[in-house]
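For the record, the sequence lines run as chains A and B.
By our numbering, the letter at position 156 of the first sequence is numbered 166, and the numbering carries on one by one without gaps.
By our numbering, the letter at position 345 of the second sequence is numbered 355, and the numbering carries on one by one without gaps.
There are no misleading hints in this set.
Since the list can't tell identical chains apart, any single copy or any two copies may satisfy a pair.
Capping the alpha-carbon separation at 20 angstroms, the derived lysine to aspartate or glutamate pairs in EDC-like fashion look like this:
no.	residue 1	residue 2
1	K411	E90
2	K89	E76
3	K400	D346
4	K107	E124
5	K45	D35
6	K15	D250
7	K231	E37
8	K154	E349
9	K117	E90
10	K125	E104
11	K154	E124
12	K231	D35
13	K404	E112
14	K210	E24
15	K45	E206
Honestly, the hints are just simulated from the structure, not real lab data.
2 protein chains.
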Amino acid sequence: MKNIKNLGRNSWAEVLKRPTNTYEDIEQTVASIFKEIQIKGDVAVSKYGSLFDGVNLNSFEVTPEEIAEAIAQVPNELKEAISLAKSNIERFHEAQKTGKIEVETTKGVFCWKEKRAIQKIGLYIPGGSAPLFSTVLMLAVPAKIAGSSQITLCSPPNKSGKINPAIVYAASLCGVTKILKIGGIQAIAAMTFGTETVDKVYKIFGPGNQFVTVAKQFATKFGVAIDMPAGPSELLVFADDTANASFVASDLLSQAEHGSDSQVILVSTSEKMIDAVSKEIDTQIKLLPRYETAQKAIANSRLILVETDEIALDLINDYAPEHFIICAENENFFIDGIENAGSVFIGNYTPESAGDYASGTNHTLPTNGFAKNYEGVNLDSFLKSMTFQKITPKGIQNIGKAIEIMAEAEGLQAHKNAVTLRLKELQKRTK
Amino acid sequence: MKNIKNLGRNSWAEVLKRPTNTYEDIEQTVASIFKEIQIKGDVAVSKYGSLFDGVNLNSFEVTPEEIAEAIAQVPNELKEAISLAKSNIERFHEAQKTGKIEVETTKGVFCWKEKRAIQKIGLYIPGGSAPLFSTVLMLAVPAKIAGSSQITLCSPPNKSGKINPAIVYAASLCGVTKILKIGGIQAIAAMTFGTETVDKVYKIFGPGNQFVTVAKQFATKFGVAIDMPAGPSELLVFADDTANASFVASDLLSQAEHGSDSQVILVSTSEKMIDAVSKEIDTQIKLLPRYETAQKAIANSRLILVETDEIALDLINDYAPEHFIICAENENFFIDGIENAGSVFIGNYTPESAGDYASGTNHTLPTNGFAKNYEGVNLDSFLKSMTFQKITPKGIQNIGKAIEIMAEAEGLQAHKNAVTLRLKELQKRTK
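One chain only, chain A, in its complex shape:
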């Protein structure tokens, strides 16, 4: 851990620099796999599955029998936990529905805005050591509420050709329409172009390693939208003397166990708190099964002492953390002032893991400073708004002249003419 005191503003950028990767090399690989899958479809998907996941599959779709088997394998206790989480996620995302917005901007000019679902959604769920069935909930639940009609989920199979049962269970519970045993770059490419088995989708969501990240970015070249660019996960805690050092340490460690490139930052106005948290981390970290991963992330972490809440807030907005925990007496100052963060956790009894699983907020959030310009996944991520306008004869008479003048000034005569013809017709009628 790096202990930093009263940092000058011009060192913020350097000290808060995130561990970054360059992806130049990967892009070549991604480009060639995309090309092959675009041309050869399932055959190429199968080839890369065999190469990267070490299992040769002829059919990728999880069958109804396999779904039944997975459902049977998930312990009841876990099913109940998932059910509670799902219900909270549903409640919070249902509440995000917005109605039609309608305005008569000028007498006779009616404009309105309505939202429609993005119909074909692709979800990517990584396999590997942590089977992220919670991410299935976070993506499929709002997709379903939005009204997307086709929800495709890809996840890499293990060596026996199976997807983790909890992932399959969550997918089937949340209304995913097709579950596919496809991982990595080949999954993103298959959803981008469509193959014999895989439907082409309009928008791809979900986390993944650096290969998946580059593949998603690459997919946008072919007109597919993505949820957001991804980077390693991160947490920033602001804690003053009212915080509980042991809780804060546990939160920092829960972020650190995600990966050795996770970033963990504590900002405090209290030197005592920093020392206490630091000691707690040393104690708690030893008990973790993912000790080595956490250790590496903690080595890169920062404990930053600042003089005032105001400086703290400026620094936090400059950093734009994915997760931001506020344990402070003056919590409203931070709630009102935070401009750039993915999700905010307030008070001593609001651990980040609550939002990761079950409070109801979404855990797919902007990392890497992207909280400055991107929002986390929410109901609107699965919708697009469309505008409508209907103008009465009186209405076009009210705004027609302005349109003619502006079109003329932009040198667009045909735009002007579309209005002129209508105004003339109305003039004729009133004569």
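For this one, chain A is given, so just place chain B on it according to the hints.
Same frame as chain A, but now just chain B:
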């Protein structure tokens, strides 16, 4: 014009294919200009301005004197027209403000969502034959309403080193904070990295030629968000026998004059209407100053006869037009059924040019079929939503067990521990 009757469903894709460009070559140029501007800043911006815009500038910022001069140059009549348009755009975008959404998902678990402005916005406005001051209104007005604090506008200067006065006037009227005489790839690169003169921005909006389009897409690699991918403009009109052929023809031509690659489509259930529109186009096109451009676009256009409204709607949703005009007796059928369109214009007195300039809706819309997965620019394009959660001791007791079980099942012990510590502390207290 291609006259097409009762097209089989499996020919839709082929017949509705858009004129597309490949950008492979351009990307090399873009990459090298980006690199140079990242390293050399203003010096490189100046070099490429001299190369591409044919004018060598030492300072790029439009001065207060130049703004005053531009304001004096804009005729009063145009100022009044702009004022009416601005007021309608303001009204429609103001109405799009959304309040805090708050839900107690489980007793003691409070989740809410609030929106915050994206603080640093970059606008690109093309120069050339059509000075798109209307686009300044469409982008700067909602940015201002959203609360963005820094709005940078780049537009290429002419050979005398000036930006079109109407663009400068609109920018100053709408609260743009810095107007810069920079065009093309170098403008996008400068706003991506920041230079001595140009502030780094978080999100770039605005139309442009193929170089600008590729540059914007390229900018996303460096963490800058963009409004949407761009393609040539397009219009689809559905007209039955209640339409006015002369009005329809004028709308199709107003789209056709944008560029020779614009796409213009008429879908109708009436052969009589198709013939009448076709004749009207032939008459009206001869009177247009941009005749040659329109002629080329019209040559690529399609007049499609279908048997029923239902088939028409399916075909339109499949095409996903940027602009969609409905002139039909059964207009509600199309309003309710349209899933994929940028903006919709309803009835005989609602020309597309109304939305381009003054009705109040935004004219920055998804082209190239992107209406399937992207929305047009609206107030939310300048905002990002953030989620908050605050959990009471009772609340964490209500959902803590579920979090522990799920974290354990995902193999994330530290996530579990953050909850366990808190539950234990509460247990101690109640004893």
